[in-house]
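Engineer: As a plain string of letters, each chain reads:
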Amino acid sequence: MDPIVRFENVRKAYGSLEVLHDLTLRVEEGDVVTLIGRSGSGKSTALRCINGLEKINGGALYVCGRALHEANVDLRDLRKEVGIVFQSYNLFPHLTVRQNVTLAPRKVKGLGAAEANQLASHVLGQVGLSEKADNYPEQLSGGQQQRVAIARSLAMQPRLMLFDEVTSALDPELTGEVLRVIEKLAASGMTMVLVTHEMAFARSVADQLVFMHKGTAWETGKGEILDNPSTPELRQFVGSGL
Amino acid sequence: MFGLTIEQLGFIVRGAGWTIVLSLLGFVGGTLVGLPIALARSSNNRWLPRLSAAFVQLVQGIPLPVIMFVVYFGISIGGFDIPALVAAGIAMTLYSSAYLGEIWKGSIQAIPSTQWEASECLALTPVQGFVYVILPQAVRVAIPPTVGFLVQIVKNTSYSVVIGFTDLTYAAKVINNATFRPFLVFTIAAGIYFVICYPMSLLSRKFERSLKRS
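Chains G and D, in that order, give the protein sequences. So the first sequence is residues -11 to 230, counted in my numbering. So the second sequence is residues 45 to 258, counted in my numbering.
Derived from the structure by calculation, the hints contain no laboratory data. For glycine and all other residues, C-beta sits at the position ideal for the given N, C-alpha and C. Heads up, some of the hints might be wrong.
Claimed, not checked - Partial pick of chain G residues on the chain D-facing surface, computed with a CB cut under 7 Å:
1. R64
2. R67
3. K68
4. I72
5. N78
6. F80
7. H82
8. A92
9. K95
10. V96
Said to hold, decoys possible - With a cut-off of at most 20 Å between alpha-carbon atoms, the simulated SDA-like pairs for lysine to any residue come out as follows:
11. G:K97 with G:R147
12. G:K97 with D:V175
13. G:K68 with D:Q159
14. G:K68 with D:Y176
15. G:K43 with D:E161
Required output: the full structure, derived from the provided sequences and hints.
Structural biologist: Below you can see the structure in the form of structure tokens.
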């Protein structure tokens, strides 16, 4: 079977600043891949390329059977299959939790109200927030808001989920509840790519760990690469206690 | 009453009625033209933002009474004889659409771009994202300054006096010419303007407070 995500010698630059340099990377269906690395190593950019938020400048990128490096790719169609959760949640503040979750299934997939609400109950149950369906985002804690954002993505029943530093904006005592939801998703077989600074989590949840450095996959492997880095850059990164 | 006859007072009150009619014309016309302008101003198209910006700059760079003259006499030169109400209505539409367009453009742009990004990533079309995500939030931002601008519209209808439209100001002028009691007559006019405008100012401030609370 083809991998669900395939970067082949991908290059991405903002003007003269090269953010991704010759990046090659594969994500197999059902796998959890975590991207780690310093700020500016290109991990968030790589993630945003996967659902077309950033356009690549060179190489080839295949996601869910589509060639994103081609000009006529239908990004909207791609995004029905690829969900993303952001660091800053980006919930819709004027809508209740339930409305946040049901908006896209109703408008994009044409679900009826009853069907969509049933779906909302299901995904809110998955993130442990069934009782908050009628609240507005501002009435929730950061951790709860982030879990709603995950539920909103799940409601589109994606094949692949992307997580962009989803706990970075949270207080330390709130990160746990979000990480547990992601762990549960991983255990259920969801294909996921995560960018994270939580090293213990990155290691425990990942089937594949990718250390990004200078815009490329510098070192790739199981969690053990953190114990025995084969490159001095990863050794230094692990040693810095990040 | 106040040393004026009932007929004279009635004339002033009828003038006030026309002021309200002209204000409504200005607001409705300003909305119909201003909304597309706000959309054009915030669009990603190559030409629409420039064209609409040029219109706004042009209108905002000309005093309203001059717009009134240009519309009124411009249309008559074209061979059409139009009532002062229509000319004043067109001028008020031009004027308020330029300002309302700017207010609403600002309200749309006040919504963080991450909201666009989030709706895009949920596979909503740009139109769906605008209608279901951006617009409801932009409307809340827009209400206080819009109601505030209504006050400007009401007050600025008084410029229609220059083309002889019988609004409140013009009616007061006519009665003053007949009675030679300028202080009394214009104080009455001022009082009526205030009674129309003050509730709207209050409303605008109330909306602003409730927006800040949430």
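Engineer: For each hint, tell me whether it holds in the structure or not.
Structural biologist: Quick rundown of the hints versus the structure:
1. R64: 5 Å, holds
2. R67: 4 Å, holds
3. K68: Cβ of G:K68 sits 5 Å from chain D, so the hint holds.
4. I72: Since the shortest Cβ distance to chain D is 5 Å, the answer is holds.
5. N78: Hint on G:N78: holds, closest Cβ of chain D at ~4 Å, below 7 Å.
6. F80: Nearest chain D Cβ about 6 Å off; hint holds.
7. H82: Because about 5 Å separates G:H82 from the closest Cβ in chain D, which is inside the 7 Å limit, the hint holds.
8. A92: 4 Å, holds
9. K95: 5 Å, holds
10. V96: Hint holds; G:V96 Cβ to chain D Cβ min 5 Å, cut 7 Å.
11. G:K97 with G:R147: OK: G:K97 and G:R147 at ~15 Å, within 20 Å.
12. G:K97 with D:V175: The given pair, whose Cα atoms are some 17 Å apart, holds under the 20 Å limit.
13. G:K68 with D:Q159: Answer holds: G:K68 to D:Q159 is near 17 Å, not above 20 Å.
14. G:K68 with D:Y176: Holds. G:K68 to D:Y176 sits at ~18 Å (cutoff 20 Å).
15. G:K43 with D:E161: 14 Å, holds
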